[in-house]
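Undergrad: So the chains spell out like this:
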Amino acid sequence: MSDDEKKVDLSALEPFPEAARFEQAVSAITARVLEKKVDLSALEPFPSPARFEQAVGAIAARAMAARRRKRETVSEQLSAWARPALALAAGVALIAWVPSLWSRSPSSTAVSSSASQQSADPAATLMGWAAKDALPTDTTEVLTTLGGSHGGTAR
Amino acid sequence: MADSDSNKALVARARLGDPAALEALVRRHLRAACAVALAVLGSPADAEDVAQDSFVVAFERLETCRDPERFAGWFLQIVRNRALNAKAQQKLRGQAAGALAEPEPHLDAPDAGRAGLRDRLLKGLSEISATQREVVLLHDLEGWTHGEIARALEISEVMSRQHLFTARRALRTLLGDEAPSAEVRHE
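Heads up: the protein sequence lines correspond to chains A and B, in order. Each residue of the first sequence is one higher than the one before, starting from 1 at the first, in our numbering. Each residue of the second sequence is one higher than the one before, starting from 156 at the first, in our numbering.
Bound-form chain A, shown alone (with noise of 0.2 Å):
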């Protein structure tokens, strides 16, 4: 074999003079590649701006619309409940009235009128009695005159 048919050693220009060495340098190549974007552009769902406003304007509209609908159910829902408590506020009324109507009974409030002011002057009754020669009707009456409270103990 001739010098020219030798190969030259050029293992000191060796990029690589250790395995891992070429492994680090293999990774870092790969994540160099993989910091690339992937070019998604065939996905694009709006290829012209045009059509991307289209949707928004479309959207947007449904979107107040929907919400417009939301608060008139609402509205709408409110006034449904005010009638039935209105109507349910003016049954309690009526019933909470309707007993202090019997306890205002025009025989009732002529009785009570009578016994007050019999009692509110007992002399002014007794005078009348004598002035028209009536007599009490009963014991009851005159002790109501003289003071009801003490009927009691006056029999």
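Check the hints yourself; a few may be wrong.
To be verified - Some chain A residues judged to face chain B by a derived CB distance under 7 Å, without partners named:
| no. | residue |
| --- | --- |
| 1 | 37 |
| 2 | 60 |
| 3 | 62 |
| 4 | 66 |
What the hints assert, rightly or not - 35 Å max Cα-Cα, derived DSBU-like pairs, lysine-lysine:
| no. | chain 1 | residue 1 | chain 2 | residue 2 |
| --- | --- | --- | --- | --- |
| 5 | A | 37 | B | 242 |
| 6 | B | 278 | A | 37 |
| 7 | B | 246 | B | 278 |
| 8 | A | 36 | B | 163 |
| 9 | B | 246 | A | 37 |
| 10 | B | 163 | B | 242 |
| 11 | B | 163 | A | 37 |
| 12 | A | 70 | B | 246 |
| 13 | B | 242 | A | 70 |
| 14 | B | 278 | B | 242 |
| 15 | B | 163 | A | 70 |
| 16 | A | 36 | B | 278 |
| 17 | B | 242 | A | 36 |
Note that these hints are calculated values from the structure, not bench results. In this text, a Cβ means the ideal position worked out from N, Cα and C, and glycines have one as well.
Since the structure of chain A is provided, determine the placement of chain B on it from the hints.
TA: Chain B only, in chain A's frame:
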């Protein structure tokens, strides 16, 4: 994601019935909603339907958004739930079989080559987890940062990076030389 008004201000105005605020919220979150729905459903057309319905539902329930500053996370959870419901309904109807494997034709696809690429991407996406799909779609399609993704998906930024790394590696492995690359984005 970087409009002048904060989510909090827009939500407050939308609650008062301001149509401009409502439209601004739609404009800001529509693409992300489509991405999240696509991650679950694997069908662009179904994803758009779910995204639209999710906005209507979200605006009906706007008062229940307890932290308007984190509207994106709250809203994307609605999108995810509705997409999962839609998927379950599809399964019940027996229509879910191969939704990812056999995507429906996209009306806006400009040419057959692009449509073919889209189908291959969808097929590749179907092979990775739902969270990885969401992360890679939000990052590589919508241009979200890891911080934004972490807040919206309620994961850490480290996990977001990890999901993205895994998703990209899987997509490149699955798609081989077909996997298209875009410019490196430095954050």
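Undergrad: Out of the numbered hints, which ones does the structure contradict?
TA: As far as the earlier hints go, not one is violated by this structure.
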